[in-house]
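Protein sequence lines, in the order shown, are assigned to chains A and B.
Counting in our numbering, the first sequence runs from 1 upward without gaps.
Counting in our numbering, the second sequence runs from 1001 upward without gaps.
In short, the hints are calculated from the structure, not lab data.
Just so we're clear, the structure is a prediction, and the values are computed from it rather than from any experiment.
Hints are supplied without guarantee of correctness; some may be wrong.
To be verified - Straight-line distance between alpha carbons at most 20 Å, and here's what the computed SDA-like set of lysine to any residue pairs gives:
#1 A:K288 <-> B:I1374
#2 B:K1288 <-> A:G188
#3 B:K1288 <-> A:L382
#4 A:K391 <-> B:I1374
#5 A:K391 <-> B:A1262
#6 A:K227 <-> B:A1262
#7 B:K1391 <-> A:M314
#8 B:K1227 <-> A:I303
#9 A:K288 <-> B:L1377
#10 A:K227 <-> B:L1038
#11 A:K288 <-> B:W1366
#12 B:K1288 <-> A:R363
#13 B:K1288 <-> A:I370
#14 A:K227 <-> B:R1044
#15 B:K1207 <-> B:L1163
#16 A:K288 <-> A:P300
#17 B:K1227 <-> A:S73
#18 A:K391 <-> B:Q1320
#19 A:K423 <-> B:R1045
#20 B:K1391 <-> A:I303
#21 A:K391 <-> B:D1317
#22 B:K1227 <-> B:A1262
#23 A:K214 <-> A:G188
#24 A:K391 <-> B:E1316
#25 A:K391 <-> B:W1366
#26 B:K1227 <-> A:S40
#27 B:K1288 <-> A:E215
Number of protein chains: 2
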Amino acid sequence: MSNELAAPPPEHERPWEELIGALEADDAAKIAELVDALTSEEARRAFSRLSSDDQQRVVAALSPEQAAELLESLPEAQAVDLLGEMDPETAADIVEQLPDNIGADLLQEMDEVDSEAVLAELDDADEADHLRELTGYPWDSAGGLMTEAFAAFSVTHSVGQVLQELSENAEDYSDLDVQYVYAVSDLGELRGVLRLRDLVLTPRLRKIEDIMIKEPASVQALDDLPKLVGIFNERDYLGLPVLNEAGIIQGVISREAVNDAAAEHLAEDYLHASGIVGGEELRSMPMKDRALRRLSWLAPNIILNLVAASVIAMYEDTIQAVIALAVFLPIVSDMSGCSGNQAVAVSIRELTLGLIRPSEFIRVVWKEGILGLINGLVLGILLGSIAAIWKSNVWLGLVIGSALWLNTILSVLLGGLVPLLLKRFKIDPALASGPILTTCTDMCGFFLVLNLASVVLAKLA
Amino acid sequence: MSNELAAPPPEHERPWEELIGALEADDAAKIAELVDALTSEEARRAFSRLSSDDQQRVVAALSPEQAAELLESLPEAQAVDLLGEMDPETAADIVEQLPDNIGADLLQEMDEVDSEAVLAELDDADEADHLRELTGYPWDSAGGLMTEAFAAFSVTHSVGQVLQELSENAEDYSDLDVQYVYAVSDLGELRGVLRLRDLVLTPRLRKIEDIMIKEPASVQALDDLPKLVGIFNERDYLGLPVLNEAGIIQGVISREAVNDAAAEHLAEDYLHASGIVGGEELRSMPMKDRALRRLSWLAPNIILNLVAASVIAMYEDTIQAVIALAVFLPIVSDMSGCSGNQAVAVSIRELTLGLIRPSEFIRVVWKEGILGLINGLVLGILLGSIAAIWKSNVWLGLVIGSALWLNTILSVLLGGLVPLLLKRFKIDPALASGPILTTCTDMCGFFLVLNLASVVLAKLA
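Could you build all of it, start to finish, from the sequences and the hints given here?
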């Protein structure tokens, strides 16, 4: 996990095979040595290949410092699992070695009971209180995304004092990207902000109070991600101070942290839309957890499917008379579902980009309605013609074609609107839009085909 | 589009309504003044509400500098459309005002004929050649993501000369994040890299050749995104020099640029998986383009659906005998599709995270196969019991339940493997996995239900 500017040595094929060898030989010293030599990517890939037990044995062979470094390079979901399965004392030793914000992220994702047990084992009670406070912020809020490394000085300082303190403690500041310096009251309340270059160009004896920018822009620790994205979109800030309710500065949030969190959300949207819920799934996780998580989304879906298919059961006589309808039912419902999903994706994307507000129904109805009319007509003529030619029955073509046309209009309208509605009710649109859409379009598709068919049944049979 | 540290003024409701007023009054000066006052977000939202003609009228009222600034704040797809519809001369004036890498990105997304027309109108032939070269790099390659602002000096320079040139041209370097300085041969070939802090701490008369890190890490201009993600994952580089085939330094690529591009790809994965292809869709785009793009994905899908449903047509007699099967056909195929899509999402995610290589079939077969066995059994028992109770026929329950069980195993295997296969054949997994998976699982689901039913037909009817 070195950081050098020189080119890396030629890639070593599967360095973790040695690790497995050392595990078999139960050689703790060798394990520690091998893990130390792994790059972050090698460590990630190696770990995704070890069983849960072997992962624990590797971590047990490491010093707390080494274990902390390893945890930082693993996907968060895996680090959380590892930590959760250790005894609290060992976990506490490792957490002490992690940067506070990373430690807090991991603790937050654990069972509350488990994380409290770890916090109780921390040697330093102040540190434990501090981590407890940090875990109170959702990971994607300003408090969860901020860094606590920043430079703040009393408003009564002179420029010279600030510069001297900065250079005397240069090492403390070497990690942080000091572009701004914050001026605070004795209680730590934010009073102003100064650019580093303004400090350098000002006579040393002036008070920073006189040259600082007053009433600086800031965010609240509990501000959520959409709000943060909006604020950073609105102006070209590189970073902003994060305040608690009392106006006391807690940390600094960077544009990069906000962008990274937004990217995480997009990745989550995709997983949720595909029915992967309750956190990231890696194939290295225990089979029971993976199966249960996937089932938690599939089982309710089976109910929704039954509701939709019950429409078919009401028209068994119609199908009995025209058995060809059974062939077209799944096609109509699947094609409408596809059209609706396109509209869902565009709405979610426009919501994420801030191009649309959750209240703008009329705009969506207008833009999707016309598109549904056109695409539904094209697809309806296509499928209707195939049906008419296949069974040499124009009426069958008319029934199938017009059912697909009408159902396409309905499904793009629903697909466009459902994410907006869910957003207003604070439900994750990516997670819930698909099942809702599919159930409605299936029901309506089945109903349209079978009802239209029953009306002209004499011409079809 | 100002960049201040002070808090923004209170939000002004719908500032673009004034813009529409100015458009109606055809007041060019007022339009320019209003656009200048918009923040990036307001500009984006305002533009997504104007017709294509009105957008052109707004741009026509602006100076090339203002128009360039506006284009930078719009979503790329919209900026490309705007530029493509202008006459080439006007477009060229605006492109001249854009940063080279942004200009090249937009030109690359335009029709080749259109972009060549714009390049031909550029006043500066060298600039045109340079943009032509940049448009030769895919947007997500090292060449497409690099910045051309970097500090390079001849290896024969002394430390003192480098520091002097840096401070004399401080303004040129103020925009770039100078952390590293590159040492090059007379032809511009990369020879070494120096940290800025090493320069400061070295006697001024030493040659940089003596203190530079030789054989520095670098990337090739045509390196693609997965390769770049891998390289930046492997080591903690902040930025790397980008070389052309002759080893001459072309620019510098930052970790942030690579991360942003990876996030773009994830967002694209989601759109592709939902059937939005051929570039981003915004509802402000012309209806014809939106309808055609969506149809380009739906129309082939209708064919795939017909292929799958043709299985039903082969078993019309079986359905005729047991009409209840028509109710369960869509449920079995839909549920299997859902299970398969979960596996697709996990595979795409693991590919993106670099946890799995496209060749690791056996691992996926193993991990998904067992999961499919378990989940298929649970879902099969659930749906089978419902079928058996509803129709008071145990055999129907057995047919439906075992069909769903077998088809779930098949669909999670396919869902896990198809993205890996597509990746090996260099096809976008997010785009193609869904339709391939759905067609296969539909076909097999229909076949399993109807074939099993036909075997025990006497017990069902």
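Hints versus structure:
{"no.": "1", "hint": "A:K288 <-> B:I1374", "in the structure": "holds (9 Å)"}
{"no.": "2", "hint": "B:K1288 <-> A:G188", "in the structure": "violated (58 Å)"}
{"no.": "3", "hint": "B:K1288 <-> A:L382", "in the structure": "holds (18 Å)"}
{"no.": "4", "hint": "A:K391 <-> B:I1374", "in the structure": "violated (42 Å)"}
{"no.": "5", "hint": "A:K391 <-> B:A1262", "in the structure": "violated (50 Å)"}
{"no.": "6", "hint": "A:K227 <-> B:A1262", "in the structure": "violated (23 Å)"}
{"no.": "7", "hint": "B:K1391 <-> A:M314", "in the structure": "holds (14 Å)"}
{"no.": "8", "hint": "B:K1227 <-> A:I303", "in the structure": "violated (44 Å)"}
{"no.": "9", "hint": "A:K288 <-> B:L1377", "in the structure": "holds (14 Å)"}
{"no.": "10", "hint": "A:K227 <-> B:L1038", "in the structure": "holds (19 Å)"}
{"no.": "11", "hint": "A:K288 <-> B:W1366", "in the structure": "holds (14 Å)"}
{"no.": "12", "hint": "B:K1288 <-> A:R363", "in the structure": "holds (17 Å)"}
{"no.": "13", "hint": "B:K1288 <-> A:I370", "in the structure": "holds (10 Å)"}
{"no.": "14", "hint": "A:K227 <-> B:R1044", "in the structure": "holds (17 Å)"}
{"no.": "15", "hint": "B:K1207 <-> B:L1163", "in the structure": "holds (12 Å)"}
{"no.": "16", "hint": "A:K288 <-> A:P300", "in the structure": "holds (19 Å)"}
{"no.": "17", "hint": "B:K1227 <-> A:S73", "in the structure": "holds (19 Å)"}
{"no.": "18", "hint": "A:K391 <-> B:Q1320", "in the structure": "holds (17 Å)"}
{"no.": "19", "hint": "A:K423 <-> B:R1045", "in the structure": "holds (19 Å)"}
{"no.": "20", "hint": "B:K1391 <-> A:I303", "in the structure": "holds (17 Å)"}
{"no.": "21", "hint": "A:K391 <-> B:D1317", "in the structure": "holds (16 Å)"}
{"no.": "22", "hint": "B:K1227 <-> B:A1262", "in the structure": "holds (11 Å)"}
{"no.": "23", "hint": "A:K214 <-> A:G188", "in the structure": "holds (15 Å)"}
{"no.": "24", "hint": "A:K391 <-> B:E1316", "in the structure": "holds (13 Å)"}
{"no.": "25", "hint": "A:K391 <-> B:W1366", "in the structure": "violated (45 Å)"}
{"no.": "26", "hint": "B:K1227 <-> A:S40", "in the structure": "holds (16 Å)"}
{"no.": "27", "hint": "B:K1288 <-> A:E215", "in the structure": "violated (49 Å)"}
Hint compliance for this structure: hints 2, 4, 5, 6, 8, 25, 27 are broken, all remaining hints hold.
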